[in-house]
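Listed below are the residues making up each chain.
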Amino acid sequence: MGIAIPIKREEENMIQIVRQALAAALVTVFCAAPATVVEASEADAKREERWQQIADYLFDDREVLPTDTLIRIEAPKRAQDAALVPITLTMPEKDKIKSVYLVIDDNPAPLAAHVTFGPAADPGTLHLRVRIDTYTNVHAVAETKDGKLFSTVAFVKASGGCSAPSGPSDAEAMKGMGDMRMKFAKDIQQEKPSEATLMIRHPNFNGMQMNQLTRLYTPPRYIDKVTVSYGDQDVLNIVGDISLSTNPALGFGFIPRGEGPMKVVASDTKGGRWEQTFDVPSITQ
Amino acid sequence: MSGLIGYLVKPAASLAIALFFAATVIHASSAEVKEPDGMWTGPMRGETPATLKGAVVVGLPALEALIAEKPILLDVGPADKKPEDFPQDRLWLPTHRSIPGAVWFPGGGAAAFDAAQEEAFFRRLEELTQGDRSKPVVTFCRPQCWGSWNAGKRLVMKGYTGVHWFPDGIDRWQEAHEAVEVEPDKVWNSATMK
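Taken in sequence, the protein lines are chains A and B. Just so you know, we're using full-length UniProt numbering here: the first sequence kicks off at 1 and counts up by one. Just so you know, we're using full-length UniProt numbering here: the second sequence kicks off at 1 and counts up by one.
Any given hint might turn out to be false.
With a cut-off of at most 30 Å between alpha-carbon atoms, the simulated DSS-like pairs for lysine-lysine come out as follows [said to hold, decoys possible]:
{"hint": "1", "chain 1": "A", "residue 1": "K175", "chain 2": "B", "residue 2": "K81"}
{"hint": "2", "chain 1": "B", "residue 1": "K81", "chain 2": "A", "residue 2": "K225"}
{"hint": "3", "chain 1": "A", "residue 1": "K157", "chain 2": "B", "residue 2": "K70"}
In case anyone wonders, no lab produced these hints; they're calculated from the structure. From a predicted model like this one, the values you see are computed outputs, not experimental measurements.
With the sequences and hints as input, model every part of the structure.
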């Protein structure tokens, strides 16, 4: 803009007009965005800060390293139902994995589940359904057998999942509490990893759900421990929390060895305990 | 339902499982909801009317335009309830995300206030608007939340003329912009905690 050479009057006017237009354009650029919009990078930094706070609490001073290879998380970018968000964890180098943590950063109780794999497990994949309270990062952390921690993250758009009721009424939601179903994959072969899906009927009241008519909060009652064993070996040990959905469902892998039925023991925070065995369909040698 | 469950199971099994979980499905009524005469006293979650007499209903573009006028952004979304008997060794770290610059009155959309809440609500609004009842005020929470409708209604009934209601709430805001963590308004909270 610093033009030092003498110029004619019309040109001067022209430059003045251009200057004003430029200034106006700049004003438009700066003011078009609402004054309260926060820089994305600043927001990301805040989210990272919260994750560090959670990680410090859960893992003390153990280092948690980001990974692209040890654990992956699949979640819908936008959930249809915030109280029932399907999450799939995949652990490609499954032989190295001892346990996995699922953390929903912005949920008030961020740790949703800690799943430890036993000798009869195939830790390649895990499916869970969770409640999500607000648009949030979801972290999955893999703990390797040598005691190291690796994390991956996905952003999920869902909101209101924690306060959504478990059913049309509490009584309705509690019907058949503790009933279980197990679905096995077809064509189960000896020593070849196979999948099963466990479903437990349980309201999983999280203590944050208000009865719409009485305005009272339904007291918390949720599944906090599930053990799946196969023959005399453990498949999974699950420590659950209030972020697991109503009627918890869990898809997992196991190694068929033809040694007895699969047994599930589940317990909740009000002293409920349920045990059920399932015959594994015939195994092809 | 089968779409939600389908990821877990082979399609053949989906139907049985869908039936197993059928009790969890809640169907929302799509009938048009009429404005109540005064405050809404029914369930706070649910379909809300399309209008709020005496107030302007705004969508996101209108809200973005309004923000240039520095309105009072009044978030009345509820605070997370800490479950009773929550284990002490578990991490409880509630957070509330809102529109940057919003004032948060947790539960500020209740139909009935006690005297202290009533006093705090209007005193704070008076302070925030600097006594100018025509100053734009935007009430919001989450979608399908009667609280933000009630908060707008309460202000209209008090004689505020710049009331805007943003029914799509924080969810719609987050589609386009970052939401930030906010703390409850101190004056409001101390009146509510009494």
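Results of checking the hints against the structure:
Restraint check for A/K175 and B/K81: the C-alpha separation of about 25 Å stays at or below 30 Å, so the hint holds. A threshold of 30 Å between alpha carbons decides the hint, and for B/K81 with A/K225 the separation of about 23 Å falls inside it, so the pair holds. Using a Cα cut-off of 30 Å, the hinted pair A/K157 and B/K70 holds, with the two alpha carbons roughly 28 Å apart.
Hint compliance for this structure: every hint is met.
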